[in-house]
Each structure stands twice: as C-alpha cells, then as structure tokens.
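Engineer: Join the two chains, each given in its own frame, into one complex according to the hints.
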Amino acid sequence: MSKDIRIKKGLDIKLVGAAEKTTTTISLSSFYAVRPEDFHGITPKLIAREGTEVKAGEALFYSKSDERILFPSPVSGKVVEIVRGARRKVLAMKIAADSTQEYKDFGTKDAAKMSAEEVKEYLFASGCWPFVKQRPYDVIANPNQAPKAIFVSAYASAPLAADLDFTLAGKDAELQAAITAISKLTEGKVHVSVGANSNSPLSSLSGVDIHKVSGPHPSGNVGTQIAKIDPLNKGEVVWVLTPQDLVVIGALFLTGKLNLTRTIALTGSKFSKPQYVTAIAGAMIADVTAKNLENDNTRIISGNVLSGKEVKEDGFLGYYDNQITAIPEGDDYELFGWNKPVFNKISTSRAFTFSWLTPKKKYDLNTNTNGEHRAFVVTGAYEQVFPLDIYPMQLLKAFMYKDLDEMEALGGYEIAPEDFALTEFICVSKQPHQKIIREGLDLMREELG
Amino acid sequence: MGLKQNLHNLKEKYKGTKMAPAFNAIHTFLYLPNEVTHGGTHIKAADDLKRTMNIVIMALIPCLIFGMFNAGYQHYAAIDGSLRAAPLANFFTLDNLWIGVIKVLPLVIVSYGIGLLVEFIFAVIKGHEVEEGYLVTGMLVPLIVPVDTPLWMLAVAVVFGVVIGKEVFGGTGMNILNPALTIRAFLFFAYPTWMSGDKVWVYDAVNKAGTADAISGETILGSYAQNHEVVYTLWDKFFGFIPGSIGETSTFLILLGAAFLIFTKIGSWRIILSTFLGAAVMGFIFNQIVAADIITESSKFYGLMNTVWYEHLLIGGLAFGAVFMATDPVTAAQTNKGKWIYGFLAGFLAIMIRVFNPAYPEGVMLAILLMNVFAPTIDHYVVQGNIKKRLKRTKVKTA
Chain A
533 MSKDIRIKKG LDIKLVGAAE KTTTTISLSS FYAVRPEDFH GITPKLIARE GTEVKAGEAL
593 FYSKSDERIL FPSPVSGKVV EIVRGARRKV LAMKIAADST QEYKDFGTKD AAKMSAEEVK
653 EYLFASGCWP FVKQRPYDVI ANPNQAPKAI FVSAYASAPL AADLDFTLAG KDAELQAAIT
713 AISKLTEGKV HVSVGANSNS PLSSLSGVDI HKVSGPHPSG NVGTQIAKID PLNKGEVVWV
773 LTPQDLVVIG ALFLTGKLNL TRTIALTGSK FSKPQYVTAI AGAMIADVTA KNLENDNTRI
833 ISGNVLSGKE VKEDGFLGYY DNQITAIPEG DDYELFGWNK PVFNKISTSR AFTFSWLTPK
893 KKYDLNTNTN GEHRAFVVTG AYEQVFPLDI YPMQLLKAFM YKDLDEMEAL GGYEIAPEDF
953 ALTEFICVSK QPHQKIIREG LDLMREELG
Chain B
-19 MGLKQNLHNL KEKYKGTKMA PAFNAIHTFL YLPNEVTHGG THIKAADDLK RTMNIVIMAL
41 IPCLIFGMFN AGYQHYAAID GSLRAAPLAN FFTLDNLWIG VIKVLPLVIV SYGIGLLVEF
101 IFAVIKGHEV EEGYLVTGML VPLIVPVDTP LWMLAVAVVF GVVIGKEVFG GTGMNILNPA
161 LTIRAFLFFA YPTWMSGDKV WVYDAVNKAG TADAISGETI LGSYAQNHEV VYTLWDKFFG
221 FIPGSIGETS TFLILLGAAF LIFTKIGSWR IILSTFLGAA VMGFIFNQIV AADIITESSK
281 FYGLMNTVWY EHLLIGGLAF GAVFMATDPV TAAQTNKGKW IYGFLAGFLA IMIRVFNPAY
341 PEGVMLAILL MNVFAPTIDH YVVQGNIKKR LKRTKVKTA
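Going down the list, the sequences are from chains A and B.
If you're matching positions, the first sequence starts at 533 in the working numbering and goes up one per residue.
If you're matching positions, the second sequence starts at -19 in the working numbering and goes up one per residue.
Okay, chain B solo, but in the shape it has when bound (with noise of 0.2 Å):
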C-alpha cells in the first residue's frame, strides 16, 4: 500500500479535472499506469513512449557528461596552451569539471524546467497528456549550444522553440521541425553574436576579448573559414578535445550512442548511415575540386574545400547532427526508402553549406531543418510509388 495506494487515491481525486494532466505526468514517472486494454488487442508490448525517450536521454548522457569536462579543458588550455600537449591527461579533473557544473548544468536546468513548464502550461490548456518529446529536446538543448550562452537567452529560446516549432502544431508527434534545431535556429537568428564568431566556444573567452588575458575560442571549423592554421590533432577531433557545441565534439562518443541506438532499434540506421555517407559524398566532391585546381588557394572556400572528408565527418556537429538530430523520426523521413534519401540530401547539404555559407560556417543545422520541411514530400514520392503499383496491378487486370 503506501505510496502507491495514496497516489491511486489523488489520481482518482484529480481525476477529469484541469490539473489531471500535470498530476498524471508526475505520477506516470513514479508508476506504470494500471491502465489496461479496451477494444483492441488485449495484450501490448513492453514498449512505451517514455521508455523510447529515455532510451535517447541514455545514449546522450556520455556526450553530456564528456562536455561538462570539455568546457574546463577547453577554457584552461586557451589560457595555457601547453595543456593540449597531452589531452588525456590533462582532460578528468575536478578543476574542469567544476567549470562544467557552473557553466553546463544550469543550461540543462533552464532547458528542462522551462521546456517542461510550457509543456505542462498548454497540457493543463488543452487537456491532454504531457507527452514525452520534450524529455530528449530538454536534453539535446544544452548539447548544441556554445558554452557561454546566457541563460536568459536560452529561456526565451526554448519558449520560442516549443510554442512555435511544436505547440502550435498539435504537439509532440505533429510538428514539421525538430525543436531543438528550431531551438537552435531561434538563437542563431535572434542573437548572432552569441552564437557564432571566435569567442563563445570557450567559457569566459567573450568576458576576456579585448582585455591582457583575452583567449581564443575559435572553432576548427571557424579557422578553416579563415583560412587559418589548426593546431589539432585527427585524434583530438575523433575523440573530441576541440571547442565546439557543448555535446558535439567527440564523435567517439557520439558513434557509441549511434551504435546504442541502432542496437535497442530505436534510432534508425537508414539515416544516421546515409547521412554520414552523404556528408561523406560532398566531401569528397570539394577535395577532387581542390585537386583539379579549380579552386586555388586564394580563394575564401579554400579552406574547407581542402578538409580531406573524413575530417568533414569529425569536426563540427555532423555526426551529433546525423545521429541525434537527424533521426529524430516525427520530423525525418517517416518510409525506409525515404529515409535513405532524407539522410543522405542532410549530410550532403550540410557540408555544402558549411562550404559555401560565408557568415558561419557550419551548416548541419541548416541542412536538417531544410530537410525536415522536405521529408514530407519524399514521403509523399515513395509512397506514390507504392499507390502507382497498386494502380498498375488493376490495369493490368481490366487490360
């Protein structure tokens, strides 16, 4: 009895009131329900939405957890540069940590408490259940933004986010872009200068600019559009000692998610598969124009174009992109056929963009959000397909 019958009893209570939906919310975290089957089949598998969220949040803890040590390491090895000497060693301390705790996890806090208060806000509005989407958008969040994003920002960010890229469409499971990209986007747009540039990858690096002990926070995506030189390893980049978004840089763990994901079938391997390939295709298509000397190194392209295209897959958000942004399976390309060519056309454009786009380079973002609003109409092609079929076999009939 105990806990489990008083909470029985306030459900009853709640019950068909305007607070059930925020109360269940609450309770089903506690207990599976003791709903059972009506009408239909009469027995169900184990499998719910929750259980599906909570296996995403799982897969990103590692990159969560690997950032908050990333963004002292970072900050330290700007200030003393012979740090990056030996990452590994100098990468798991209290002291990094700690900078992680002060600067990470009150974004984590700001994303889930206020992600979840809207959510529960029109729940409680609309009366129905809070669902479980924002669980993983509350986590991806604080995963692709710069370490030193104002918390003030990311509040009004996320209310935008949820409100306008899912709210006003019906909610989890009916909107058209994913929400933490439309998140992301609303920051990238709203507040440049927070978002992009050679300071805000770094914590405290924008406090410093212009000072004696100013630091650098440039991205290695940000030196190659300048054509600059970059100082880090391939197994910097692999294992992800590099400024960056806080949970994007180490595409080592970010691949041991991937390979969680594809092993419990809850992401799709059609995508994170074809868009690393299509990422992979564009590449190599800009190194075989440097190669051909089309472009010559005067040009502004000439950096990027020159990354060899493994390295296109390392840095910047690709793979986090194509294993947690990309999959997201309301807004992707719902048909398996479909998700092969949504996949691929995200990881293609996303380096193009990256290439090609003069302001901020970086184009995964971009490149999912322009192919979220495309997968439906993939979907509508495939799917032509198989109602052509379906035709053809009546014609062939009365023929």
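Bound conformation, chain A alone (with noise of 0.2 Å):
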C-alpha cells in the first residue's frame, strides 16, 4: 500500500544555471581526498599512513565509536598526505590516484540469499557502511539498532539539485541488487519517493513501497518524507540512503568491486556550461569544473546552496554530494539596499520585494546575507515553508538554551539541519539555523544517546 505526499508548504527557490542534460566523462584527477569532516559525528582512527598503497575500496580509516566502520579509499593509489588542523585533528587524507586504477575484490554475492547479519558483515567489510544513515540525529547509522524502516527518497527538490531520474538511468538492475540487500536490513518496510511525474528508475523496484511526492521544496527532503509516511518516535530508529549510494552498493553485489563514480551535476550561474559530469567522490573540485568555471569572486558550493559546503578550487568532492554548485560571492555594499524595492531576489514577504510577481522566474542569487544577525522579531514566516508538524521557531529557541526535556518534547528526534535549510533562507533575523540544529543535535545524541 503506498501513500502518496502532497505539501503545500515550502518554496521552490528557481535559481539560474540548471544543469543540461549532456554527461561529460572527467578523466582521473591527479589528486583525492576523503575528509573524516564528511561523516558528521565520527571520530577517525586511522588505518592507512603517509606512503601507504592503498586499492580502491580499502579501508583508509575506522570510527572510533565502532571499528566495524571502515571508510574506503574512493581511487587506488598512495596516500600522500594527512592534512591535521587543530589539536592533531585529521582533516583530510590525500591520495594521489595511480593512472591505471586497481580495485579491492569482496567477491560478488547474491542478496536474496543473504541473512541479515551476511549483508551488514559485506556492507562493513567494503566501506558501506557509512552510506546507511539514520534519524534522529542524522549520523552515519548505529549497527546495533534495529531501524523500524527505511527511507529512500529519489525525488530532488532542493534548489538546481541533480535530476535523479536523469542521473539514475540504466542504474535498474544496481538499484534492484541494492534493495534487496538493504531490505534485509530492516524488519519494517522500505519506502522509496519518487517525483509524482517523473519516470524513476526506482519507481519500478520490487520489495518495496513506492510513494509519489509532489509540492514545493522541501518535498523531496527525506525528513518530510519520514514525517508524513511513518513519523518518527522517541525510541524508534529509522535509516537513511539516497539513490546513488544505492547504484554503488548495488553494484558492489553484482561486481564485488567499489566503484565510488557517480553523476554531477554542476550547476549555478558561474559555470559557463552547467551540465552533468561523472567524477568519483573526493575528486578534486578543479579537476571536476575543468574549464567550466568562471571563477573570479565564486562560491564554489559541494552541495546545493541550502546545505552544500563551501570549498575552494583545491577543495574535494564531499563524499556523498552528487551536486557542485557556483554562484557568486555577494561581499559588496548596496546603496539603500534596506529600503528600495527589490526585484532582483527572492522574498516570501511582499515588503517592497516583487518576487511574488514572478514565480516562474529564475533569478541569480549571490551570497549576501541581505541583512545582519538579529534577535528572532517576526513570528509566523517559518510556518510557510515547513511542512513538519513542528513549531519551529519554538524547537530553535529550545536549541539554542538547550533544555534537553524541550528539544525532545519539540520533536528533536524527527528532523535534521537540512530540514531547516528554508526557514534560515527566509529568516529576517538571519539566525543561523542548521548550525542551531545541527549543535542541538549533536548534544542530544551525547546526552540521550
């Protein structure tokens, strides 16, 4: 029985620079990176040191909460160097890729005849493991709980983001070797979302309950998603895996191989090309964008604009981005840019802001904050664009004084920072909302586990 997901609530946020539909194949870069920052809430133990040989698929490092977690070089080659910051903090491990690629073998497996226990034991022994994310607290998942379900959402709605049906195509038979295997994973069901009129390549899995999402952003948000199919609970569990990261542990059964290469999308309006490319994770960002970019004052953004994480041209590739972004840097004054009409960004107010004027137009948003850090003043703006049963100016606040009765009571448990990506896009007060969360988060974790 599916459940399909209508919400009104939200906002679509029409930027310029969507991708085109043309995939270009990156050759190799000289250099990748995975950075422990990537896996929120890990803490690295390292495996591999300076001058090691490493294989594409051997592990680089192992989580310290749980040396099960292996975290898999993305290339073969030699790791050149393990970037520390502050008190010794690994930061990054480099590796310099070798010209002919070599691959670690876990042997192929058929899930369908695989316990449960079989598939976690395969997804730990090849670096899988970290794809399989969970709710509350939006971490890489804990082995030892049972999730009461788990959620796919293949439907993208967030500003430019990839085109999942484009990006997954031809991808079937990985997608189908995946969820069988995940399906293991769980005593509950599998939900899969997919966009109410698109032609998903999951659309047509077996084994699983398919909802159809429309509405604005952000409905292809996998924390909207859990919220109106099976909400969570204080005590329950639920996991998380995006599509693509299904392709790469599908494949990983039918090739006994990790193949880290997934779609890009490089979008916004500074790339002078926005189009698809195929580039592996931890790639380095100059290598990705080529000559594609034009970077005199950019942002360049592994992510959407919402979440995504800023990185610089001798930046990586995020781990689990399928997404890099472009815009530019908005660091210049604007005359009364306080009191004069506004046609040129987007606003949910009509306060001299005529972008209700045009909803289907695309603007090029910079990086301004339009305004500065104040104390929360309006009150009812967020509801209009959070589809959650949830007061969340009232949960911010109690994460901010971190009262830990009130942020479970609030809902704590049911959302993530990026649940609150457009209530911190439209706030007056320009509060920093997903690191509100996100810090809020990260002490419940420590305090109730």
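Be aware that a few hints might be false.
Label pairs and their calculated CB-CB ranges [to be verified]:
hint	chain 1	residue 1	chain 2	residue 2	range
1	B	-16	A	572	34 to 44 Å
2	B	-5	A	805	54 to 64 Å
3	A	653	B	316	43 to 53 Å
4	B	89	A	616	58 to 68 Å
5	A	653	B	-5	28 to 38 Å
6	A	937	B	109	41 to 51 Å
7	A	678	B	-1	58 to 68 Å
8	B	101	A	844	38 to 48 Å
9	A	822	B	356	39 to 49 Å
10	A	822	B	-5	37 to 47 Å
11	A	544	B	-5	34 to 44 Å
Hints in this document: simulated from the structure, not taken from any laboratory.
Ideal Cβ placement from N, Cα and C applies to all residues, glycine included.
Structural biologist: So this is what it looks like as structure tokens:
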C-alpha cells in the first residue's frame, strides 16, 4: 500500500544555471581526498599512513566508536598527505591516484540468499556502511540498533538539484540488488519516494513501498517524507540512504568492486555550461569543474546552495555529494539596499520585494546575507515554508538554550539540519538555523544516546 | 568608489572598538552591508529586519500626517464650533498643518532622538549591534499620546520605556511588554492629569482652562463615560475628525495601514481580525445587557454600554491598538492558534475595561499590555497540544 505525499508549505527557489542533460566523463583527477568531516559525528582512527599504497575500496580509517565501520579509499593510489588541523584533528587524507585503477575484490554476492547479518558484514567490510544514515540525529547509522523502516528519497527538490531520473537512468539492476540487500536490514518496510510525474528507475523496484511526491521544496527532503509516511517517535530509529549510494552498493553486490563514480551536476550561474559530469567521490574540485567555471569572486559549493559546503578550487568533492554549485559572491555594499524595491532577489514577503509577481522567474542570487544577524523578531513566517508538524521557532529556541526536555518534546528526534534550510533562507533575523540544529542534535545524541 | 569606499575604510578602522556598533548602525542605513554567508545556507532571502520595520513605519505615515492636520483642526474647531459642520473643507488647511508642525513634529523628534540615544548607549556598552526595534516604537509613541503632552515628560517616559521595558530584558526581541505601550503606561500612571480628562486632547485647552477663552478638549469616550451628549457623526468617527491621541483617530487610515501590512505579509491578519472580533463581541454583549434593561440610564456605565458595538471599533484607540500595537510580533502570541486567542481576548478586554474603568474611559492600552503578559502562557498551551500529540503517537505505538 503506497501513500502519496502532497505538501503545500514550502518554497521552490528557482535559480539560474540548471544543468543541461548531457554528461561528460571527466578524466581521472591527480588527487583525491577523504575528509572525516563529511561523516558527521565520527572520530577517525587511521589505518593507512602517509606513504601507504591502497586499492580502491581499501579502508583508510575506521570509526572510534565501532571499529567495524570502515571508510574506504575512493581510488587506488598512494596516501601522500594526512592534513591535520588544531589538536592534530585529521582534516583530510590525500591520495595521489594511480593512472590505472585497481579495485579491491570483495567478491560478488546474491543478496537474496543472504541473511541480515551477512549483508551487514559485507557492507562493513567493503566500506559501504557509511552510506547508511540514521534519524534521529542525522549521522551514520548505529549498526546495533534495529530500524523500524528504511527510507530512500529519489526525488530531489532542492535548488538546482541533480535530476535523479537522469543521473540514475539505466541503473535498474544495481538499484534492485541494493534494495534486495538493504531490505534485509529491517523488519519494517523500505519506503522509496519518487516525483509524482517522473519516470524514475526506482518506481519499478520490487520489494518496496513506492510513494509519489509532489509540492514545493522540501518535499524531496527525506525528513519531510518520513514525517508524512511514518513519523519517528522517541526510541525509534529509521535508516536513510540516497539513491546514488544505492547504485554503489548495488554495483558492489554485482561486481564485487567498490566504485564511487557517480554523475555530478555542475550547476549555478558561474558555470559557463552547466551540465552533468561523471566523477569519483573526493575528486579535486578544479579537475571536476575543469575549464567550465568562471572563477572570479565565485562561491563554489559542494552540494546545493541550501545545505552544501563551501569549497575552494583546490578543495575536494564531498563524499555524499552529487552536485557542485557555483554562484557569485555578494561581498559588496548596496546603497539603501534595505529599503529600496527589490526585483532581483527572492522573498516570501511582499515588503517591496516583488518576487511574488514573477513566480516562474529564475534568479541569480549571490551570497550576500541581505542584512545583519538579529534576535528572533518576526513570527509566523517559518511556518509557511516548514511542512513538518513541529513549531519551528519554538524548537530553534529550545535548541539554543539547550533544554533537553523541550528539545525532545518539541520534535528534536524527527529533524535534520537540512529540514531547517528553508527557514534559514527566509529568516529575517539571519539566524544560523542549520548550525543551531546541528549543535543541538549533537548534544541530544551525547546526553540521550 | 568615493563614499562607499571611504565608509568601508572607516568601518574597518572602527572594527572591534567600542564605537563600532554606533558607526555600523549609521553605515547600514546608507548601505546594505557587504556581509556574505558562512556555514549555513549560501543564499538568503531579500528581507531583513530593517526592511520589515520600514514597512510598518510606512503604514504609520498616513496616520502621522492626518494627526498633524487634526491637531490644528481640533484646536480651531474647539474655538469655533461651526467648523465642524464641514470637516473636510476645513481640515486640510495650512493653519491646521502649522499647529501639527509646532506640536506634533517635536514629539516625533524627541521620541526618536531620546529613544535612539538610549539604544545607541546600550549597544556600545553591551557591544551588540543597534537593533531596529525602536524605529517602529519611536514612530508609535508620538501617535498614541495627547497633543499637549510636554516634551520633557515624553523624554522621561521614553527613557523609562526603553530601559525598563526593553533593554533590561536583553533588547529587541527579548521584551515581554510592548515598548511603546510601556512608555504610554508610564505617562499615564506618572502624570495622569496630562494623559486623561477633558483638556489634554486639544492643543491649548490646558492653557486656556479657567479663562474666558476656555475650550473643551473632551474625547468621545470621555463624553460617553460622563453620559454627555456626543456631537460627532459616524463618518466623523470613521474618518477621524475627532479629538483623541494624535494618530489614533482615523479608523479609515488605520485600516488602510492594516491592508498594507497584511498585503506585505508583515502584520498578522489573525491578530488584527481577532482583536476587532473580540471587541465587537464584548460591545455586542453590553448592548444586549442594555436592551434587556438590566442597566438603566441612571447607571454610570450606561453611556458606554449603550454605545453600539460597531461604534466601539471606531472610537478611542481600538483600531490603532489592534493594527499597530497588538501585532508587535515580539510581545504577541507567536503561534498561529495562539494569535487568534490572544487577539480576541485583547479586543474583548479592551472594551470591558473601557466600559468599567471609572477613572479613565479607555482600555486598549491596558488590555494589550495584559495580553502581552499572558501571550507566553497562551503559546505554552498551544505548544503543549503539539507535544501531547507527539506523546500520544508514541503511546499508540507501544501499546
């Protein structure tokens, strides 16, 4: 029985620079990096050292809290540098790629004939466990807990997001293999959400509940879908996977190799030709963007404009990301910018902001904050873009003053930072919502487990 | 280059110093800052607090201009009653405006000057940026005081209101009571003879009291409360050709402002509508009491109780309070359900206090301040509803 999801509250942020549906294959980068930071809440214990030769799929480090959780090298090559920050925290492991790639062989498997424990062991060994994330807390799943359901969102509603119907086309076999495997991990259902009008390769999967999603962003956020399909309660856990990671898992079962190559959308007004490319996770940004990028005062983001991470050209593609966005920086003053009529920016109010007149227009937004950080003043605005049955401002305030009882009672288990990306975008007081939520969730995880 | 570059250099120079907030406050009025996003969303919507506050000020401007003309009109009409026969013809005159310029503008200047000075001092001492809350408060204050309020009194009240009403709680966004109403309440309790009675509402009535040229400055509410006869027509009341606090008289312009606030999505239509609704219901109940002969003409409450319910919405400060005071997002209820309850009770209590308060026939200020105090409680129970729903979901699962 599938349940369709329709939401009304939300906001589609339409930007210039959607990726054209052509895919270029990018040649191998010279350097790749795996950053422990991409795996939130993990303390890395290094396996590889500087100078270690690794194959693609071989573990670089493991999680201090559970040594079965391995983090693999995306390519074969030599670990050339371990970048450390304050208090010797590992920031990145840099790998110089071999010109011909060698893969560690994990052996092909038929998921249908495997037990839950066997699937788990296989995912641990191959370094695929980090693809399994959990709610609450939005971190890598704790393998000792039993999830009540597993959720996959194959509908991307974020600004300029990669069209998953396009990037996953032809991957049916991998997806089915992965779904067969991960459905062993739960007693409950596997819920897959696809766009209402899409011809997603996921809509024909067997062994899953398919949900058709429509409505503005954040309808594609898995958090929204969980809330509408089977809301999370205290003491429960659900696991979450992205479809592009399912492809990697599926390919592993079918070929025995860990192949982190995926289709990346290059989006945003600062790309001269926004399009799709294939690249391996952890690739150097400059190699992926090649000559396509106009890098004059440009913000490069690994991910989308709402929840992605700022990177430089010599930085690296995030482990989970399937999108690079480049938009202009906004580090300039604007004369009387606070009171003159605004036509070139998006707003949910009509306070001499005119984006409500042109709902179809695509905007070229820059990174200016359009105002300074203030205390919470305006009320009732967040609710218009926030589809969950949660009081967003009350929850944010509870997360700021860190009252654990309130954080729990107001719905702290049901949210991830990305669920508060839109409220942060429209926030008149320019409060850092996602940061507040992230820090609060870390505290809850520490104190409540 | 030029100004923009010079100001940027100055900003860099002041960075980290004590005076930085003061400089930035002025700088950001000229230029939207060059700040860029870090860490969270990489893009931000166009609205900031300055823009939001600016919309409210714009909604208030018609009331201010009307109030300036009305200051003169009420003065001359009190001297020569025949002017009231044709209010429109005798209203928009330069003589009337001049009275407004000499009586109303100084109130605006003192309100902004003193209030912003206090804000700047606190920002410099506490090292935070100057927040925009006072921009609206500073405009509201002169609009809700009688025209003859002495400037020094206003200055003292503003200092009290900003410091005790707002800054001690942590500044804009943290206060419990509406700062503008705190200022007015301070005036009302500290200098009652200047804030009520039958003289202060019309320019010069105080000076001329007891002389041969004495003029009346009684408001409609005052007349009703004293069971006096009221000379104004319903249209006078609607368009605002009546004595009263400077900006509160014209229900027409206030509703225009309300329409603007609701259209721009800055003001909460829930609060505005429910406040009017609450007031109408209370007024209607009183009308029914009179109709049932429970209260007779000999009662001192008869005048106001017998006032038709829709007239209650037009006179006194009800419309102004509903549109500009009750809607202050910081001190009102913050949940959508809570806003309905909060507004309804504010309007309901306003009329109740108006009728039963023997000393001062207006209840809007006290009703809204009271509801300010109760707003967090209302929100608490609304949010508890959400929490209970969540707990119930867990119980159903585990049961």
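Engineer: If a hint holds in the structure, say so; if it does not, say that too.
Structural biologist: Here's how the hints hold up against the structure:
1. B:-16 - A:572: 34 to 44 Å: holds (40 Å)
2. B:-5 - A:805: 54 to 64 Å: violated (40 Å)
3. A:653 - B:316: 43 to 53 Å: holds (50 Å)
4. B:89 - A:616: 58 to 68 Å: holds (60 Å)
5. A:653 - B:-5: 28 to 38 Å: Since the Cβ atoms of residue 653 of chain A and residue -5 of chain B sit about 56 Å apart, the hinted range of 28 to 38 Å is violated.
6. A:937 - B:109: 41 to 51 Å: About 32 Å separates the Cβ atoms of residue 937 of chain A and residue 109 of chain B, which means 41 to 51 Å is violated.
7. A:678 - B:-1: 58 to 68 Å: Holds - the Cβ-Cβ distance for residue 678 of chain A and residue -1 of chain B, about 60 Å, lies within 58 to 68 Å.
8. B:101 - A:844: 38 to 48 Å: holds (42 Å)
9. A:822 - B:356: 39 to 49 Å: violated (56 Å)
10. A:822 - B:-5: 37 to 47 Å: holds (39 Å)
11. A:544 - B:-5: 34 to 44 Å: holds (38 Å)
Hint check: violations occur at hints 2, 5, 6, 9; the rest are consistent with the structure.
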